[in-house]
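Asks: All chains, please: the whole structure from these sequences, using the hints.
Residues are numbered in the numbering used here as their position in the sequence shown, beginning at 1, plus a constant of 138.
Keep in mind that a hint or two might mislead.
Claimed, not checked - Under the rule of at most 30 Å between Cα atoms (straight-line distance), these lysine-lysine pairs were calculated in the BS3-like manner: (1) Lys-255 to Lys-232; (2) Lys-173 to Lys-247; (3) Lys-148 to Lys-242; (4) Lys-148 to Lys-227; (5) Lys-173 to Lys-152; (6) Lys-148 to Lys-167; (7) Lys-152 to Lys-232; (8) Lys-173 to Lys-242; (9) Lys-255 to Lys-185; (10) Lys-255 to Lys-152; (11) Lys-232 to Lys-247; (12) Lys-185 to Lys-242; (13) Lys-247 to Lys-227; (14) Lys-148 to Lys-185; (15) Lys-247 to Lys-185; (16) Lys-242 to Lys-227; (17) Lys-148 to Lys-173; (18) Lys-173 to Lys-227; (19) Lys-167 to Lys-152; (20) Lys-247 to Lys-152.
To be clear, the hints were calculated from the coordinates, so they are not data collected in a lab.
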Amino acid sequence: MNIDSLINVKRNPKIPELAPGDTVRVYTKVVEGGKERLQPFQGTVIKLQGGGAGATFTVRRIAYGVGVERTFPLFSPRVERVEIIRHGKVRRAKLYYLRGRSGKAARIKERRVDREKELARMEQLATETEEEEVAAEAAELAEEEMLA
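Replies: Below, the structure written as structure tokens:
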């Protein structure tokens, strides 16, 4: 039996479709003491892994001359939002070769994307998820009324 069929997983509408080579800024919720704040992490997507509830993406950046990689779950509530800074044009699914490169050697060509189409697609995904949530709530209310 597939675990994805048992778990009701909804994709975060604030996370757009990512691809290896994209430069992204990921905002995660961090709890320090009693306060909660957003922590941005900007870098290049070097890996998309898995599907369903366990899907993750890895972002790499160079901070003070040291390579830093962070892996984020796609379906985590801790990931507040992801902004795509630029789309990269690459021919590989996993960009592990960037680990051995620095400076100009680690550059990635830019892939031109129509921003208006991308924004329209993101809005469409958001409205679809809202409609699904409303339908699910209506179904739950109908079940409660039938049981009562």
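Asks: If a hint holds in the structure, say so; if it does not, say that too.
Replies: Hint check results:
With a CA separation close to 26 Å, the supplied pair Lys-255 and Lys-232 stays within the 30 Å bound. Between Lys-173 and Lys-247, the direct Cα distance comes to roughly 40 Å. Violation of the 30 Å bound is thereby established for this hinted pair. Our distance criterion of 30 Å between C-alpha atoms is broken by Lys-148 and Lys-242, whose separation comes to about 39 Å. In summary, the hint linking Lys-148 to Lys-227 is supported, as the alpha carbons are separated by about 28 Å, within the 30 Å threshold.
Among the hinted pairs, Lys-173 with Lys-152 is consistent with the structure: their alpha-carbon atoms are about 23 Å apart, no more than 30 Å. Taken as a hint, the Lys-148 and Lys-167 pair is honoured in the structure, with Cα atoms around 19 Å apart against an allowance of 30 Å. With a C-alpha separation of about 24 Å, the suggested pair Lys-152 and Lys-232 falls inside the 30 Å cut-off, and the hint holds. Straight-line distance between C-alpha atoms of Lys-173 and Lys-242 comes to about 39 Å, which puts the hinted pair past the 30 Å bound.
Between Lys-255 and Lys-185, the direct Cα distance comes to roughly 25 Å. Compliance with the 30 Å bound is thereby established for this hinted pair. Annotation: proposed proximity of Lys-255 to Lys-152 holds, straight-line Cα distance about 16 Å (limit 30 Å). Note on Lys-232 and Lys-247: the hinted pairing holds, with a Cα-Cα distance of about 16 Å set against a maximum of 30 Å. With a C-alpha separation of about 20 Å, the suggested pair Lys-185 and Lys-242 falls inside the 30 Å cut-off, and the hint holds.
Between Lys-247 and Lys-227, the direct Cα distance comes to roughly 5 Å. Compliance with the 30 Å bound is thereby established for this hinted pair. For the proposed pair Lys-148 and Lys-185, the alpha carbon gap of about 21 Å is at most 30 Å, so the pair holds. Distance restraint check for Lys-247 and Lys-185: the Cα-Cα separation of roughly 17 Å lies within the 30 Å cut-off, and the hinted pair is therefore satisfied. Restraint check for Lys-242 and Lys-227: satisfied, since their Cα atoms lie roughly 16 Å apart, inside the 30 Å limit.
Straight-line distance between C-alpha atoms of Lys-148 and Lys-173 comes to about 27 Å, which keeps the hinted pair within the 30 Å bound. Of the supplied pair hints, the one linking Lys-173 and Lys-227 is violated, its CA atoms being roughly 39 Å apart against a limit of 30 Å. Distance check on the hinted pair: Lys-167 and Lys-152 sit about 14 Å apart at the alpha-carbon level, within 30 Å; holds. Restraint check for Lys-247 and Lys-152: the C-alpha separation of about 25 Å stays at or below 30 Å, so the hint holds.
Hints 2, 3, 8 and 18, counting from the list given before, are not met by this structure.
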